[in-house]
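With the hints as extra help, turn the sequences into a complete structure.
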Amino acid sequence: MSVKHFTYLICAVCLMCSCKKESDRISDGSAFFGGEIINPSSDHIIIYKSSKILDTVYLDKNNRFNYTFKDFEPGLYNFYDEKESQVFLIHPNDSIMIRLNTIDFDESLVFNGIGEKENNYLINLFLETEKQEQQILEISQLEPLQFEKKLSEIRSAKLEKLKAFNTRHEATNLFNNFAEASINYNYYYGKEAYPFINHSKNENEVFKSLSEDFFDFRDEIDYNNNTLKDFRPYVSFLRFHFNNIALQEHFKHSKENRYNKKSLDYNLDKLRLIGDKVTDTFIKNRLLHYNMIKFINASTSVGDFEALLESFKNKSTNNRQKKNATKLVESYKRLKPGHFIPNVLVINKDDKTLHIEEVIKNPSIIYFWDTRDRYHLKVSHERAKVLHKKYPEFNFIAICVNELSSRQQADVLQRNHLSWVNEYHFENPEKAKKLLSIRPISKVFVVDRHAKIVNPKGNMFDISIEHDMLGLLNK
433 MSVKHFTYLI CAVCLMCSCK KESDRISDGS AFFGGEIINP SSDHIIIYKS
483 SKILDTVYLD KNNRFNYTFK DFEPGLYNFY DEKESQVFLI HPNDSIMIRL
533 NTIDFDESLV FNGIGEKENN YLINLFLETE KQEQQILEIS QLEPLQFEKK
583 LSEIRSAKLE KLKAFNTRHE ATNLFNNFAE ASINYNYYYG KEAYPFINHS
633 KNENEVFKSL SEDFFDFRDE IDYNNNTLKD FRPYVSFLRF HFNNIALQEH
683 FKHSKENRYN KKSLDYNLDK LRLIGDKVTD TFIKNRLLHY NMIKFINAST
733 SVGDFEALLE SFKNKSTNNR QKKNATKLVE SYKRLKPGHF IPNVLVINKD
783 DKTLHIEEVI KNPSIIYFWD TRDRYHLKVS HERAKVLHKK YPEFNFIAIC
833 VNELSSRQQA DVLQRNHLSW VNEYHFENPE KAKKLLSIRP ISKVFVVDRH
883 AKIVNPKGNM FDISIEHDML GLLNK
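The sequence shown lines up with residues 433 to 907 when you count with the working numbering.
Calculated from the structure, these hints are not laboratory results. The beta carbon of each residue, even a glycine, is placed where N, CA and C say it ideally should be. Keep in mind that the hints are not guaranteed to be accurate.
Claimed, not checked - If you anchor each label on the Cβ, the simulated ranges turn out as follows:
1) K907 / E789: 16 to 24 Å
2) P576 / L905: 43 to 51 Å
3) R664 / W852: 35 to 43 Å
4) V489 / V853: 34 to 42 Å
As structure tokens, then:
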């Protein structure tokens, strides 16, 4: 046995012993959750359910933590280390210990203790499904009957594994609900995605080529499953499902043959179908809000915003989400192409406060980064470097959206091997993020040398941004 494997074995034994001691105490309907984080991204983890934060749990000097659930509802919960998150299933009297290395977050996650078997099964099912994404893409290029056969085989193999697991172990009904939902809704998702990712024809032609029973699984859909309302496979499926049925509806009264996510009529069809088919208030409001915000962030036709906003507000009962969408629409009206960019205050490396207009001397790409998203921080700067080499006439202005000092910003850049060139942070991050509608973080501004907006929703990783840049240079 190698030293590495021996060390891992010792750590696992220690965790299990610790878990055993804790499980002796957990017998009153409460539950224990703890573990060790290797290479932690922060000094704490956040435990939440249904987007509601339950607690912040700090790591000790050995990067270990522990938390006791009391008076809680059994089910799926999330833990988040300020970098990535993952779910775990917990019941009363469970005593669960985890061990993970943030460098290989999901792949390294191991559960021990009471409740370990169900959780290890669910994480392995998640990883298996993730690895099959490329396979699904490949079989989606087959003819419909061949595709259905291959996709059904993948589903059947997973259901057989689940059956074998239940034969060996006394699994809970709640576990089986989530395991079966993961298998079935990922299968449904694959069928819904087929018309979008089959490259042989446009979407309307693909729909016409499908057999009458291709979408028969839709009869099995529960649009109002409150138990699954936060379960990723279920949420992802519902989003894609409504994209699909709205597109089929749209093609009935439109001359279009291709999917156009910016089409107002298509998005109005989508909101109407969500309103008609979903009765669970939480699920319906979230789907409505997701699609409303998605349209606002994708479309450049400001005139369409009001029509979709009116439809959204008539169907949603969530006042906070309605207020959020209204503010976003108002902000994008201010950010129309041809308007000056809001003159927010930024701070440079010398701690000098400047109006953003003072920074813009040439045609510019203004992009943003967040200290909590290291991947985006890295790839956005790499992409900016590539584009700047290709278009030296442009300035590339990077702005950190976090509340931090110039010294702290310098430390972040240094740790990520980035130089401080055209780097700034906001004087008032919250105000600036609202004025500039910085959501998602990958959004960039294309502006001319007078600080007039050319595109308020650019994407550095899309070829269309080069069209905007060439259009500015050729003026």
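### List of violated hint numbers, smallest to largest
Per hint list: zero violations.
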